[in-house]
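Visitor: Below, each chain spelled out in residue letters.
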Amino acid sequence: MSQGTVESGLLEVFAAVLGHPVQIDATRAHEAGWDSLKHMLIVFAVEEKFGVQLTEEEMGSVASFADFAELLERRHAS
Amino acid sequence: MRHEHVLRGYAFGLRPVALEDAAFIVDLRTSGAHRTQYLHAISPDVSLQEQWITRYLARENDYYWVIERLDTAVPEGLIGIYAVDTAAGRGEWGRWILKQGSLAATESALLCYRIAFEVLGLREVYCVTAAENQQVVSFHESSGLIVTGTLPQHLPLGDRVLDAVQQSCDVSRWPHVRSILEPRAQAIARRGTPSGAKTAIND
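Protein chains in written order, with my numbering: chain D, 15 to 92; chain C, 4 to 206.
A hint or two may mislead.
To be verified - Computed beta-carbon distance windows for the label pairs:
1) D:Ile38 - C:Leu22: 16 to 24 Å
2) C:Pro186 - D:Gly33: 17 to 25 Å
3) C:Arg62 - D:His34: 37 to 45 Å
4) D:Ser22 - C:Ser46: 48 to 56 Å
5) C:Asp48 - D:Gly65: 49 to 57 Å
6) D:Ile38 - C:Ala134: 25 to 33 Å
7) D:Ala30 - C:Arg58: 42 to 50 Å
8) C:Ala91 - D:Asp39: 40 to 48 Å
As the list claims (entries may be wrong) - Not the full set, but computed from the structure, chain C residues with beta-carbon under 10 Å of chain D:
9) Leu101
10) Lys102
11) Gln103
12) Leu106
13) Leu123
14) Arg126
15) Ser145
16) Gln169
Stated by the list, open to error - From chain C, some residues computed to sit far from chain D (all C-beta separations above 12 Å):
17) His8
18) Val9
19) Ala21
20) Ala26
21) Thr33
22) His43
23) Ile56
24) Asp65
25) Gly104
26) Thr109
27) Arg117
28) Glu121
29) Glu144
30) Arg187
Because the hints were derived from the structure by calculation, they are not lab data.
Computed from a predicted structure; not experimentally measured.
Just so it is clear, CB atoms sit at the ideal spot from N, CA and C, and this is done for glycine as well.
Full structure from sequences and hints, please.
Guide: Rendered as structure tokens:
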């Protein structure tokens with residue numbers, strides 16, 4: 015899976031969950047609406063879309079769009 | 004307030020804060036700057052925290068809990084309901100803080116509302132949050148709470164006085180809020196026992 019495919023898929027997930035488009039530099043600390051409830055919805059939606067399952071530690075530690083992208087690229091590379 | 008209200012949920016539970024929790028509270032409240040920036044600063048001196056807990060235990064209408072994992076009884080956070088007006092049947096919830104990476108946010112809020120409405124018999128609970136604390140304001144909005152007040156220059160914090168937002172859930176709205184929080188708490192618990200939280204030292 016290419017980096018572009020991961021990013022475009024993630025952008026779709028984030029927009030669907032948060033209800034607005036995000037930039038690839040979005041972070042949990044600063045993106046409007048990315049609260050703890052929406053965070054878990056993003057996690058579950060990412061898992062479904064990309065066919066992966068995050069560990070509990072990963073669920074708690076991913077804190078930016080880039081974290082999700084890096085995690086997915088790592089999973090698909092392994 | 005000395006109380007015995009314990010509530011177990013799907014993956015997390017609430018148990019009353021005790022004197023022995025002073026070190027945990029100090030550790031949680033004095034580490035992780037971004038999580039503590041909207042809470043009043045406390046001293047790193049555990050004995051002072053023990054004194055605070057002693058005064059809290061003697062105070063009426065103030066409920067304070069440790070949020071614990073059910074499988075290990077390891078504490079992951081704190082939450083409270085205080086300023087309870089028994090005549091009006093309302094109280095404020097807050098003092099909410101979790102370890103870095105904890106997945107207990109949804110379920111701890113759910114348990115707090117369950118205690119408020121089903122155990123304490125309150126008719127309304129409200130949260131007063133710094134307006135600039137967008138993550139928490141957003142969490143309450145996502146939970147189904149409604150804004151019941153904007154409070155300019157309301158929250159003294161360090162050398163600043165912050166605008167605040169009051170968000171509320173009354174007993175008629177509780178089923179709606181529960182319908183949002185409960186399935187998500189269940190979904191997190193179904194994924195296995197959350198084990199993502201680390202001791203909050205570095206952020």
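Visitor: Evaluate each hint against the coordinates.
Guide: Now for the hints, and whether the structure bears them out:
no. : hint                           : in the structure
1   : D:Ile38 - C:Leu22: 16 to 24 Å  : 48 Å, violated
2   : C:Pro186 - D:Gly33: 17 to 25 Å : 19 Å, holds
3   : C:Arg62 - D:His34: 37 to 45 Å  : 43 Å, holds
4   : D:Ser22 - C:Ser46: 48 to 56 Å  : 50 Å, holds
5   : C:Asp48 - D:Gly65: 49 to 57 Å  : 51 Å, holds
6   : D:Ile38 - C:Ala134: 25 to 33 Å : 28 Å, holds
7   : D:Ala30 - C:Arg58: 42 to 50 Å  : 48 Å, holds
8   : C:Ala91 - D:Asp39: 40 to 48 Å  : 46 Å, holds
9   : Leu101                         : 8 Å, holds
10  : Lys102                         : 9 Å, holds
11  : Gln103                         : 8 Å, holds
12  : Leu106                         : 6 Å, holds
13  : Leu123                         : 24 Å, violated
14  : Arg126                         : 24 Å, violated
15  : Ser145                         : 4 Å, holds
16  : Gln169                         : 17 Å, violated
17  : His8                           : 23 Å, holds
18  : Val9                           : 23 Å, holds
19  : Ala21                          : 26 Å, holds
20  : Ala26                          : 23 Å, holds
21  : Thr33                          : 20 Å, holds
22  : His43                          : 21 Å, holds
23  : Ile56                          : 27 Å, holds
24  : Asp65                          : 25 Å, holds
25  : Gly104                         : 3 Å, violated
26  : Thr109                         : 6 Å, violated
27  : Arg117                         : 17 Å, holds
28  : Glu121                         : 21 Å, holds
29  : Glu144                         : 8 Å, violated
30  : Arg187                         : 6 Å, violated
Comparing the model with each numbered hint stated earlier shows that hints 1, 13, 14, 16, 25, 26, 29, 30 do not hold.
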